[in-house]
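Asks: Input sequences plus hints: build the corresponding full structure.
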Amino acid sequence: MTETSPAPVRDDPEGTPAAVPAIELAGVRKSFQAYGETVHAVRDIDLTVHEGEFFSLLGPSGCGKTTTMRMIAGFEDPTEGAVYLHGEDVTGVPANKRDVNMVFQSYALFPHMSVFDNVAFGLRRRGVDKAETRKRVGAMLEIVDLTGREKRRPSELSGGQQQRVALARALVNRPRALLLDEPLGALDLKLRQAMQVELKRIQREVGITFVYVTHDQGEALTMSDRIAVMNDGGIEQLDTPRAIYERPASRFVAGFIGTSNLITGQITAVGGDGAEIGYGEGRIVVPLNGASRAVGDTVELTVRPEKIVIGGERPDRGSYTSATVAEVVYLGTSTSYLVTTAAGDDVTVFVQNATNADDIAERGSRVWLSWEPRHSYAIGTA
Amino acid sequence: MRRLKGAVAPYLLILPGGLWLVVFFAVPLVYMASVSLMTGNLIDGFEQTWHWRNYTDGLDVYGDKFVRSLWYGLIATVACIALAYPAAYWIAFRAGRHKSTWLFMLLLPFFVSFVLRTIAWKLVLTDQGPVLGPLKSWHLLPKDFHVLDSGFAVVSGLTYNFLPFMVLPIYVALERVDHRVVEAAYDLYAGRFAAFRRVVLPLSLPGVFAGVIMTFVPVTSDYVNASVLGGPDNTMIGNVIQTEYFTNSEYATASALSFTLMALLLLGIFAYARALGTKDVLEAAGR
Amino acid sequence: MDRYDPALRRGLTSRRNVLRLMGASAAALAASACSIPGQGGRGDLTQAQIDAFWKGRTGKGSLNWANWPGYMQDDHASIKAFTKDTGVEVNYKEVIQEASDWFGKVQAPLAAGQSIGFDLMVVTNGIQTSKMIELGYLAPLDHSRLPNFDKYAAAKYKDPAFDPGNTYTIPYESGITGIAYNTKYVKEEIDSIAQLFDPKYKGKVGMMGDSQELGNFGLFAIGVDPEKSTPKDWASAARKLREQRDSRIVRKYYDQGYIDAVAKGDVWLTMAWSGDVYSLANDDVKFVVPKEGGTLWTDLMMIPKPAGNPVDALTLMNWLYEPAHNAPLTEFINYITPVPATRQYVLADAAKATGDDKADLERLASSPLVFPSEADMARLRNFRVLSQQEEPQYQKVFTPIVQGS
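Protein chains in written order, with numbering that gives the first Met the number 0: chain A, 0 to 381; chain B, 0 to 286; chain C, 0 to 404.
All clues given are correct.
Quick list of in silico lysine-lysine cross-link-like pairs, DSSO-like style, CA-CA up to 30 Å: (1) C:LYS157 / C:LYS304; (2) C:LYS201 / B:LYS135; (3) C:LYS227 / C:LYS395; (4) B:LYS142 / C:LYS183; (5) B:LYS142 / C:LYS201.
Hints in this document: simulated from the structure, not taken from any laboratory.
Replies: This is the structure we're talking about:
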């Protein structure tokens, strides 16, 4: 390994202060020159991944999440800033000398090698002896449920099996962290869901830090301990899945995570536990979480579709507004209503198909929407 | 009716190519086989006599030319690999968006007539020319040292002239190597050399294999290089066949020699394919 | 540049077409059946047969001419003049690079009696021409339509052994095979074929790869006139040549490239054709007719029997023998013209010209390479005419030498 220097001590509100973070990016920036212009793929990112954590980098394509991961893996060098692995500055250390392994998008298995040789590749490069290699590969193939397929070529395996080979090939080296680049992107929905559970199980079993890159917010929410939502090269929000879902820090996060209804209004009154917004024929109450807002300020608030109740009567408490049903979509376990509020916002409402066999409302009918104020969230009031 | 059409369609597709092969390859081949067993001359005519001695005589008289041709073919093919691989590698992995430009540059000389190129060679390599002249005047080479009209010149010419047939398949094979697979090797602790040795090289071997077949066969049966760049001791079997056919009108001998050459080449290629063309070799190279 | 054109362009093109020819011949071969019928013994004709061939044939006003590169001015001036004089259009193609390759290409269609697309072609006297005569591939010439040949052709070119009575061929141009040597390297006078065999020139001697040219010089070396040689002489000549090769005196057996090689000093002395040396215009390179003898070869005009416009071809042949017409061509080609009277026209042109052109023309008119002296002519011998039985025998003796066997 090259020279090492200790990572700067940073205050760490959530993790245990004693533990050295598994991965730390400090002021990392990556710029490219393209057609005479400087393009920032990643701008000034600071983040810390804890030991044993399942950490996701989530964002649309082109947001910089893959570049960030490649800088951790050692395939790219940051233009500015430093990368620390277990407190050691690895900036500039090539990929083959970093104690992290990667599961590639579409796996990048060695097509000319058997499953066994694929998985043994890293161990052989590190000079692990034959018996040990055999033992560890065998054990790892058992974990990923591929025992008996050692002699197969990757092309003779199903997509899910290839995925597991890629996982085994990386994990068998017992890396300090495993980086996964959209590993489930090539699988069909059912298999993807099964693999999500599987990945989570394996991660618990081996106890290795996972950094997971995905553009699928559902995947990130399901599996992650924490998520960094990225947009345009920067981190929009870094928090637990629940916090990100329920308290999106920005309009972008609100829009990107789940289906979100965005309502804009002006504060008409500020009370002890929130602000009141006059909204068409109804009213909306939204908690301010201690943030200071004044009467006349414009707020953007979000309400998740499953939190909204549709009724025929005007409610007398909480937040409510009248609306017209524009579209009804039956989704099996639930029904999705697309409605237009009296103030002109388009709002989606999910209703579980629990007992009522018939639709609550038909297309074109006038209805009342209502929700608990605590289920709405004013953006920027974390 | 529709089903019949569907069943016939694939055969219709191979019809043009198939006919072409039959007319221009199979028929002449069968005919040549028949001629190779005839006796006679152009004036009195040739008779089908099943004269197998055309073959044994050919081997007796020209055995040394066969051996020399195979030997030259082997050296030139190996030299082609040595030259083509780094070039193809560089273009495939390092040339960036100028790939096609470099490839074109590499092939550019081959748009010029072979004879013009060879004449250029003769200008450059002549005894007192720009290369040998200074070396001789500095006494780095003996006075009567020469490159032209030697086996070295013939093999060099063969190597040069058939280089594209090696570069292109290797390039295509390398181009098809997924760079993520190479990155995966780096990620799994392989250094530059190990990544090349264990991943890139085995994955490009099919290209080398194709290149060897595309080079070795025409190189071994070539006659132009030997006649232009060679001396009296560098005659190849192609020259013999050409002389027998065109100058001596010995059609039977020429055909028998051609078939012997073809058999030797097929034998060589099959042996090579058996030894190197299998999955196991690629797999072994990866370990 | 023009001066270098003939030899250079022959060199450039000589190999290119061979690949194409190979394909054509193979396909043609395949067209015949399970044996290849012989076609010998068709060379001897009676006057009645000749008359029968020409009976009812008339000019059609156009013809196709196959010739060697460098055998016509770049602007086709002579062809244009001919068309102007006679109204006959000429489609001129430089498609012949080597006699044996050309023969390989046209043999199959001629054997089948099919047109080769040309009404007139120019082939060197030698094995291929003899074969074509023997195999009946050529139209007999109607000498009543060739008065200029009778009137102007030098005696040396009339009634040659390979074509008695010029039944099938008349010369286009001819040349001498002798020795060229580079005086920068060779510090003695070269006047003998024996010097080509001198061990002190080890690795510096060029010989020709053509079996007849090579055989001729081998025969001269053992003191035999090639034209009168016997199979026994061939064997001794071959021994002599093989010895020369095995003691590594011979650097290379050349088809065309010897002239560059001797000019650059890759070989110091070599068998050579007079016109190449003249065209080289290099004062260091000298050409001699050796005292043992040199050979006179002739590129011959001939009409393939299936030609569609044979009368037009005759018209052209006759026209070319008019000295005034022949002069511009000879001034360009630099080989020996069969029309000696041409020299007067060259001198007249020289008198009219100025500067470099004048010097060039004067050099041409006085060059023994283009208008050889009587003494040189006296030393020149002809190629041996090989009968159908002798030819394979001759080839078996001499071709292995070139192949290093």
